[in-house]
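S.K.: All chains should be built: construct the whole structure from the sequences, respecting the hints.
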Amino acid sequence: GQNIDQPTEMTATEGAIVQINCTYQTSGFNGLFWYQQHAGEAPTFLSYNVLDGLEEKGRFSSFLSRSKGYSYLLLKELQMKDSASYLCAVRDPSNDYKLSFGAGTTVTVRA
Amino acid sequence: EAGVAQSPRYKIIEKRQSVAFWCNPISGHATLYWYQQILGQGPKLLIQFQNNGVVDDSQLPKDRFSAERLKGVDSTLKIQPAKLEDSAVYLCASTLGLVTYEQYFGPGTRLTVT
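Sequence order for the protein chains is F and S.
Okay, so the first sequence: first residue is 1 according to our numbering, each after it adds one.
Okay, so the second sequence: first residue is 1 according to our numbering, each after it adds one.
Some hints here could point you the wrong way.
To be verified - Cβ-to-Cβ under 10 angstroms is the rule here; a few derived chain S residues that face chain F: (1) Y35; (2) Q41; (3) L45; (4) K71; (5) A88; (6) P107; (7) L111; (8) T114.
Unchecked claim - Derived BS3-like pairs (lysine-lysine); straight-line CA-CA distance at most 30 angstroms: (9) S:K15 x S:K78; (10) F:K98 x F:K57; (11) F:K68 x S:K83; (12) F:K81 x F:K57; (13) F:K81 x S:K11; (14) F:K98 x S:K62; (15) S:K83 x F:K98; (16) F:K98 x F:K68; (17) S:K44 x S:K62; (18) S:K71 x F:K98; (19) S:K44 x S:K78; (20) S:K44 x S:K15; (21) F:K81 x S:K44; (22) S:K62 x S:K11; (23) S:K78 x F:K98; (24) S:K44 x S:K11; (25) S:K11 x S:K71; (26) S:K15 x S:K62; (27) F:K57 x F:K68; (28) S:K11 x F:K98; (29) S:K83 x F:K81; (30) S:K44 x S:K71; (31) F:K57 x S:K83; (32) S:K83 x S:K15.
Calculated directly from the structure, the hints in this document are not laboratory data.
C-beta atoms are modelled at their ideal positions from N, C-alpha and C, and glycine is treated no differently.
M.R.: Listed below in structure tokens is the structure:
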């Protein structure tokens, strides 16, 4: 089966940095995804990691350690518009490459 | 490029009634997914189509839920009869192929069962 854990909520100040952790236990692994979901909207793709290491994309970075079953999403220079839910999802080739999602981390950015 | 379209955006029904949702994926996308997202949870896959064939429907409550993608393009998801616990957002997503990594989501249909 798939087990994906991430914190429920985080709060940070505008301009600060926040790190959202995700741990997973899956039968197989073929990539970890981060999606952003604003309240009442559809998830939008942020990042994809399949090899160990850090992937940087503007203010957002994502890190993966396959041996530890661990990833984090780093949000830098936080803006009010970054207030959203951040979903960690793992693709499992032993499960028809389906995505299994965590419950999401709600990030609130305060002025 | 037009995104994934879904309708209706909102639906309120009473328990034991029927409801249907429609999804039109991005043009050329062979793989289509229906997810159920209950408030405070991540999306849960209900069914996955590859063209007009079902790849996986292991988490679809088949006694009340059905889905089809007859021509391999748009798709409908039906609930009959609805229960209170079906209140959720139903998201449709599509990808070019089975192993393509980025899924594109539609805006979702928010269903409230009273």
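S.K.: Determine for every hint whether it applies to the structure shown.
M.R.: Taking the hints in turn, this is what the structure says about them:
1. Y35: For S:Y35, the interface hint holds, since the closest Cβ of chain F sits about 8 angstroms away, which is under 10 angstroms.
2. Q41: Holds, because the Cβ-Cβ distance from S:Q41 to chain F comes to roughly 5 angstroms (cut-off 10 angstroms).
3. L45: With a closest approach of 6 angstroms, the S:L45 hint holds.
4. K71: violated, 23 angstroms
5. A88: This interface hint is violated because 13 angstroms lies over the 10 angstroms limit.
6. P107: holds, 5 angstroms
7. L111: Violated - the Cβ of S:L111 stays beyond 10 angstroms from chain F, reaching only about 14 angstroms at its closest.
8. T114: violated, 20 angstroms
9. S:K15 x S:K78: holds, 14 angstroms
10. F:K98 x F:K57: holds, 25 angstroms
11. F:K68 x S:K83: violated, 40 angstroms
12. F:K81 x F:K57: holds, 17 angstroms
13. F:K81 x S:K11: holds, 28 angstroms
14. F:K98 x S:K62: Holds, at roughly 19 angstroms.
15. S:K83 x F:K98: holds, 26 angstroms
16. F:K98 x F:K68: holds, 21 angstroms
17. S:K44 x S:K62: Measuring from Cα to Cα gives roughly 15 angstroms; hence the hint holds.
18. S:K71 x F:K98: holds, 22 angstroms
19. S:K44 x S:K78: holds, 16 angstroms
20. S:K44 x S:K15: holds, 22 angstroms
21. F:K81 x S:K44: holds, 26 angstroms
22. S:K62 x S:K11: holds, 21 angstroms
23. S:K78 x F:K98: holds, 22 angstroms
24. S:K44 x S:K11: holds, 20 angstroms
25. S:K11 x S:K71: With Cα atoms ~26 angstroms apart, S:K11 and S:K71 stay inside 30 angstroms; holds.
26. S:K15 x S:K62: Between S:K15 and S:K62 the Cα gap is close to 17 angstroms, so the pair holds against 30 angstroms.
27. F:K57 x F:K68: holds, 23 angstroms
28. S:K11 x F:K98: holds, 28 angstroms
29. S:K83 x F:K81: Given pair S:K83, F:K81 is violated - Cα atoms ~35 angstroms apart, limit 30 angstroms.
30. S:K44 x S:K71: Roughly 25 angstroms between the alpha carbons, so the hint for S:K44 and S:K71 holds.
31. F:K57 x S:K83: Violated: F:K57 and S:K83 sit about 43 angstroms apart, past 30 angstroms.
32. S:K83 x S:K15: holds, 5 angstroms
Checked against the numbered hints given earlier, the structure breaks hints 4, 5, 7, 8, 11, 29 and 31 and satisfies all the rest.
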